[in-house]
Structures are given as C-alpha cells and as structure tokens.
Amino acid sequence: MQKSTPIVGMNLPRLVLSLIAVIVLVVALVITVPVDPEWWKVVVLGVVQGITEWLPISSTGHLLITSQLLNYGGSIGGTFEIFIQIGTVVAVIAFYFEDLLGQARALLGFGTQSSQLEARRLWLGVVIASLPAALIGLLARDFIKTVLFETPAVIASALIVGGIILLAIERLPMRAAPTSALGRISLLQAFWVGIAQVFALIPGMSRSGSSIVGGLLAGLDRRTATAFSFYLSIPILGATTLVDLLGSLDQIQPSDWGRLILGAVVAMMVGYLTIGWLLRYIAGHSFKAFGIYRILAGLLILALVAVGLL
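Position 309 (the sequence shown) corresponds to 317 in this note's numbering; numbering is contiguous.
One thing to keep in mind: the hints can contain errors.
[To be verified] Ranges between beta-carbon positions, derived for each pair: (1) Trp285 - Glu106: 14 to 24 Å; (2) Leu78 - Ala112: 36 to 46 Å; (3) Gly81 - Ser122: 51 to 61 Å; (4) Val32 - Leu109: 18 to 28 Å; (5) Gln121 - Leu253: 37 to 47 Å; (6) Pro262 - Ala189: 46 to 56 Å; (7) Leu20 - Ile300: 34 to 44 Å; (8) Gln121 - Pro42: 51 to 61 Å; (9) Leu253 - Pro42: 24 to 34 Å; (10) Arg113 - Gln259: 34 to 44 Å.
These are computed hints drawn from the structure, not numbers from a lab.
Fair warning: this is a prediction, and the values are worked out from it, not measured in the lab.
All residues carry an ideal CB built from backbone N, CA and C; glycine is no exception.
Using the sequences and the accompanying hints, generate a full structural model.
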C-alpha cells in the first residue's frame, strides 16, 4: 500500500496532468503578466510554497516572510498564501495517483480482504488525524489570520522552537519495530498525529513538520510518518483553502484570479518535484538538517525585525 520508491517516468495520467498544468500555467501568465507588474513575485511565492509545503520548515512562515520582503501587494489579507496551497494538494494527488486509485477500489470492495482492511484503516486514520486542527482552525480562523499571520516574531519563534524539537526527536532512541506501512497505522497513532498537527496552526511551526514529529513520537518510521503527512495534506489543505476562499469572496476582485491561479499552478509543479526529492532524501538522512535550518532561519528573521526590515 505504501509507495516504496518515487515513480520514475511518465505514465498516461501524469502526462495528461502535466499537459493540463502547462496549459493552465500559460493561460495564467497570459492573463496576469500584461496587467500585474508583480506577476514575477507571484511566481517566486509559488516556488516557495511548492518547496516548503512538504519540508518540515513551514510553508506559511516562509510565504509570509518572503511576501513581506518582496513587499508583495496581492496578499488579499492572507488569502493568496492560503489559496495557492491547493496547488500542492493537486501535486500530492498526482504523485500518489496509482496508490489513491488502488485505495479507492479497495474502499469500494474490490481487491483482497487485507487491502480493503488496510485502506479503511488508513483513511479512517486520516479523518481522525485531520479533525483536531480542522476544528480548532475553524474556530480560531480570524485570530490566526489577523494576529499570528501579521507577526514576524511569532513566525521566527515558532521556527526556532520547531527546529529544537526536530533535533531533540532525532536524539531519541528509535523503537525496535516502528510502524513501516501506511495501512498499519493504528487509530491511536493517527489521533496523536492529529494532536501534534494542531500546533501547525501557529505560522512557522509547519504542518508537515508537526505531523511528522507526531508520527515519529507515535511510533512511525521516518518514511511512513512523512508519507502520512502527505496524505493528511489532502483533506487539511483542501478544507483550509475552501473555508478561507468562501470567507474571502467579498475581498477577491476579478483581477485577482489570474495571480491566484498562477501561484497555485507554480506551487503544484514545484511541489510535485519536492515530494519525490524528500522521499529520496529521508531514505538515507535524518531530519537534523531541517532542524538546524529552522533555527538559523528563525534567528535571521529576528535579526531582520530588529533592524526594521520586517
């Protein structure tokens, strides 16, 4: 059930998705470039989103800081940074397309009994792990967007704290027999991952980082914790984007849609490549480098705040 290696090559579904992505990218550029002088900033932010969403270094924190450094004026109260997450959701669906298709068949009663059981357990676990952050995020949406999103010091502090946690986790002894398959994740393990993901509501903590740490503490190995984090992104980021979009429709102007779509498509393309890279990286490395990076990035942001650049 778990993807053992990133797929190399281009099968028909991926070829079709790639062609559609290229067409949408071209259309978005044609719409945006002539009327928006900040279109290149949109591309930069899409690249940042695509890279940082899957790495345990906080995509939201990086997006907000990069947006401020670029003096980007198309944030729409944080809606742009949230909307382009939909691109990374499409990326993970495309990357795990065969697995997701197989699980859908199993959920509908096709395949072996064991595959059906594993698919049900996995997606029930995804639902359980998604609920805590979804409920609290919905209740605290306005506070998170208006207070935490606008405070670079909060992002910097969260980056540093998260980096220290990653380094501390890597010093803990690995369990003798960690869970090494998505279909074997227990509901209790999924619940603890969901509790850990609540901390990702703080910009700078990282959704993927929080869920990966939660998975490691719950007894998953690195690869399974990372893959489970990818699966969790589908309902979490999809629901977050939908809720924010519905709540911000009155602020979005017709001219904003070109930049929103452009950022999402760039994030999707870069995100797809990042997923494959991260799975290859963790096959032979720990998360220590990300912990060190988070601490250094947090200290740099605090320094920028101190000198008035943020």
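Consistency of the hints with the structure:
For the pair Trp285 and Glu106, the beta carbons lie near 19 Å from each other, so the given range of 14 to 24 Å is met. Under the hint 36 to 46 Å, the C-beta atoms of Leu78 and Ala112, about 40 Å apart, fit the expected range. Checking the proposed 51 to 61 Å range against Gly81 and Ser122 shows it holds: the Cβ atoms sit about 54 Å from each other. For Val32 and Leu109, the hinted distance range of 18 to 28 Å is satisfied, since their beta carbons lie about 22 Å from each other.
Distance hint for Gln121 and Leu253: a CB-CB separation of about 40 Å, consistent with the stated range 37 to 47 Å. Checked against the hint of 46 to 56 Å, the C-beta distance between Pro262 and Ala189 comes to roughly 47 Å, which is consistent with it. Range check, Leu20 to Ile300: about 41 Å between beta-carbon atoms, so the 34 to 44 Å window is met. Hint check: Gln121 to Pro42, Cβ distance near 58 Å, so the stated range 51 to 61 Å holds.
For Leu253 and Pro42, the hinted distance range of 24 to 34 Å is satisfied, since their beta carbons lie about 25 Å from each other. A beta carbon spacing of about 41 Å between Arg113 and Gln259 agrees with the range 34 to 44 Å that was offered as a hint.
In summary, the structure agrees with every hint in the numbered list given earlier.
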